[in-house]
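**Q** With the hints as your guide, set chain B onto chain A.
There are 2 protein chains.
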Amino acid sequence: MKDVDGLDLPTYEDVEAAHARIKPYIHQTPVLTSEYLDDLTGAHLFFKCENFQKAGAFKARGASNAVFSLDDKSAAKGVATHSSGNHGLSLSYAAGRRGVPCTVVMPRTAPQAKKDAVMGYGGRIVECEPSTSSREEVFARVVEETGAEFVHPYNDPRVIAGQGTCSKEMLKQVDGLDAVIAPIGGGGMVSGCCLTLSSIAPQVKIYAAEPLNADDAARSFRAGHIIADDAPDTVADGLKVPLKERTWHFVSNHVTDILTATEEEIVDAMQLIWKRMKLVMEPSSAVPLATILKNRDVFAGKRVGVIITGGNVDLGKLPWMKN
Amino acid sequence: MKDVDGLDLPTYEDVEAAHARIKPYIHQTPVLTSEYLDDLTGAHLFFKCENFQKAGAFKARGASNAVFSLDDKSAAKGVATHSSGNHGLSLSYAAGRRGVPCTVVMPRTAPQAKKDAVMGYGGRIVECEPSTSSREEVFARVVEETGAEFVHPYNDPRVIAGQGTCSKEMLKQVDGLDAVIAPIGGGGMVSGCCLTLSSIAPQVKIYAAEPLNADDAARSFRAGHIIADDAPDTVADGLKVPLKERTWHFVSNHVTDILTATEEEIVDAMQLIWKRMKLVMEPSSAVPLATILKNRDVFAGKRVGVIITGGNVDLGKLPWMKN
Chain A
1 MKDVDGLDLP TYEDVEAAHA RIKPYIHQTP VLTSEYLDDL TGAHLFFKCE
51 NFQKAGAFKA RGASNAVFSL DDKSAAKGVA THSSGNHGLS LSYAAGRRGV
101 PCTVVMPRTA PQAKKDAVMG YGGRIVECEP STSSREEVFA RVVEETGAEF
151 VHPYNDPRVI AGQGTCSKEM LKQVDGLDAV IAPIGGGGMV SGCCLTLSSI
201 APQVKIYAAE PLNADDAARS FRAGHIIADD APDTVADGLK VPLKERTWHF
251 VSNHVTDILT ATEEEIVDAM QLIWKRMKLV MEPSSAVPLA TILKNRDVFA
301 GKRVGVIITG GNVDLGKLPW MKN
Chain B
1 MKDVDGLDLP TYEDVEAAHA RIKPYIHQTP VLTSEYLDDL TGAHLFFKCE
51 NFQKAGAFKA RGASNAVFSL DDKSAAKGVA THSSGNHGLS LSYAAGRRGV
101 PCTVVMPRTA PQAKKDAVMG YGGRIVECEP STSSREEVFA RVVEETGAEF
151 VHPYNDPRVI AGQGTCSKEM LKQVDGLDAV IAPIGGGGMV SGCCLTLSSI
201 APQVKIYAAE PLNADDAARS FRAGHIIADD APDTVADGLK VPLKERTWHF
251 VSNHVTDILT ATEEEIVDAM QLIWKRMKLV MEPSSAVPLA TILKNRDVFA
301 GKRVGVIITG GNVDLGKLPW MKN
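Keeping their order, the protein sequence lines are chains A and B.
Just so you know, the UniProt record's numbering puts 323 at position 323 of the first sequence, and the rest follows in order with no gaps.
Just so you know, the UniProt record's numbering puts 100 at position 100 of the second sequence, and the rest follows in order with no gaps.
So that you can see chain A by itself, here it is in the shape it has in the complex (with noise of 0.2 Å):
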């Protein structure tokens, strides 16, 4: 951990102890190739399937982490969260792991299927209002009354050293590697990849991918501050939410660029995925198939790492659906 202008920020030493710790508790994804989809694209494209990883997303990672970098004393009182979303699913899965509780604060109006997940996998579930005043007032509460660890989705050190470990396996199961591009919602997967790339390959460029309804990090990379919008809407919905201080750190000192793609291209390229890979993965983890797609002259000729982010999906409401 280094200190930057008061940021408390992971250093990629934190990377190699996360990956020692929680390599009992996650799976290194396997890596695939399409030969379709080089044709279709003009590079090499290596898919990280982070889909296949625990908890059906690559926030096992840095939930794990966050969990087992608990002392036993702080990891008795538990942890908690409020995103109903993969973070919420990996912090439960971590917490089962270990033992302890886990408390996701959720809108009472969350889909059943997402409390049943969470449920699922061991997590409390302490209902709040649909509002954000109400959801800090009920989080207060429950971190009040329980003593519970506050583990942020990703403006956490721990959390973003734990993403930091699926760039540090990819670079030992593909050989030169030019880039690697992931999505971008808040930015912990992307940073890091900026951790562990800049610390020990720096030759390899990283892209984020943003949909174009949601380009908040995009709009943000261009100012050269962060820009956050009010609930952006996109079937990406990993990816709504915006850059915080310590994601901006690493996005804005590591990455090349940030491209966008519409929404019919998200889902055109997921569809793609599904298809051509047989990958049930997330609208989210499609945007950067998309933007490879349509700025083929960036990536031509390129090997590229493309991390699949998630796998949880909803497959009774699939965007290609019919309502």
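Everything labelled a hint here was simulated from the structure, so no lab data went into it.
Some clues are possibly wrong.
Identical chains share a label here; the pair holds if one copy fits it or two copies do between them.
[What the hints assert, rightly or not] The calculated lysine-lysine pairs, modelled on DSS-like cross-linking and capped at a C-alpha distance of 27 Å, are:
1) K275 / K322
2) K317 / K275
3) K115 / K275
4) K275 / K114
5) K23 / K275
6) K317 / K240
7) K322 / K114
8) K23 / K172
9) K115 / K322
10) K275 / K302
11) K114 / K244
Fair warning: this is a prediction, and the values are worked out from it, not measured in the lab.
**A** This is chain B only, laid out in the frame that chain A set:
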């Protein structure tokens, strides 16, 4: 090859020759596991992912063996079949790799998506009327005109030897298998398993899994002779065809049991695999898990290889979608 009661049947030497022959054209597909499904079934399941195979199905193995075992003169005339499913795709793929023509006779009423898929792999489509007599007439004319070699989807010793390479790989990938289970339609994959396992791992039990709605193989197995149904109706559309004499030979001699599952059980198992393993696979490929779930006592505590036979589904017409 050996002659048994006038039938030319492949031997394990043919499987070994097939494997050497087709290795450049097929994937050694990965074996994936799921802690969740192990807990649910009480067994140790090893999923052999032929949905990741070339052309999206195990049939690329048998088709490649048939195509690449032709001498140059025969090969130059091409190959032909009248399967519009995975075999038609796979034969087109294999012929394309050898650079020889492939003709697939298909009813003019077949879905455009199936025609596009065959053409996408370089196959030529000749349309017939949607009747058996028209199909046979048109097919005979194609063979007459081109001199193409007919490659049957399963009742062909070269095809069975090719399918036998799947369990040969699996034996190297998984230690101590107690059983292997595969879906049964015409019996090509199951025959390949029988051929390989009875030759080099006779302690491994072989189970076949079949839709109750198309249980002709199960009834044949019990009756002791082939029973063929007329146009059975099941969501597992790869499994509608009957056994033929070569596959019957292997099934009747080496299979321990044929288990069946209802349509609802098949779709439930398919959703479980999509949701939990993040694999896009066909309804046919879900039949083994469906039968394992309802025959827990047969598989409990056992190490079971489960063959995920293919991944070619119409993403716009999934069985849980409302029309």
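**Q** None of the hints should be skipped; say for each whether it holds.
**A** Okay, the hints, checked on the actual structure:
1. K275 / K322: both (18 Å within a copy, 20 Å between copies)
2. K317 / K275: Classified as both: same-chain Cα gap 17 Å, cross-chain 13 Å, threshold 27 Å.
3. K115 / K275: For K115 and K275, only the inter-copy Cα distance (16 Å) is at most 27 Å; the intra-copy one is 29 Å.
4. K275 / K114: both (26 Å within a copy, 13 Å between copies)
5. K23 / K275: The answer is between: 24 Å across copies meets 27 Å, while 31 Å in one copy does not.
6. K317 / K240: Close inside one copy (19 Å), not across copies (29 Å); limit 27 Å.
7. K322 / K114: both (22 Å within a copy, 22 Å between copies)
8. K23 / K172: Cα proximity of K23 and K172: in one copy and across copies (15 Å, 25 Å).
9. K115 / K322: Answer is both: 25 Å inside a copy and 24 Å across each meet the 27 Å cutoff.
10. K275 / K302: Within one copy only: 24 Å inside a chain, 33 Å across chains, cut-off 27 Å.
11. K114 / K244: So K114 and K244 pass the 27 Å test inside one copy only (25 Å; across, 48 Å).
Checked against the numbered hints given earlier, the structure satisfies every one of them.
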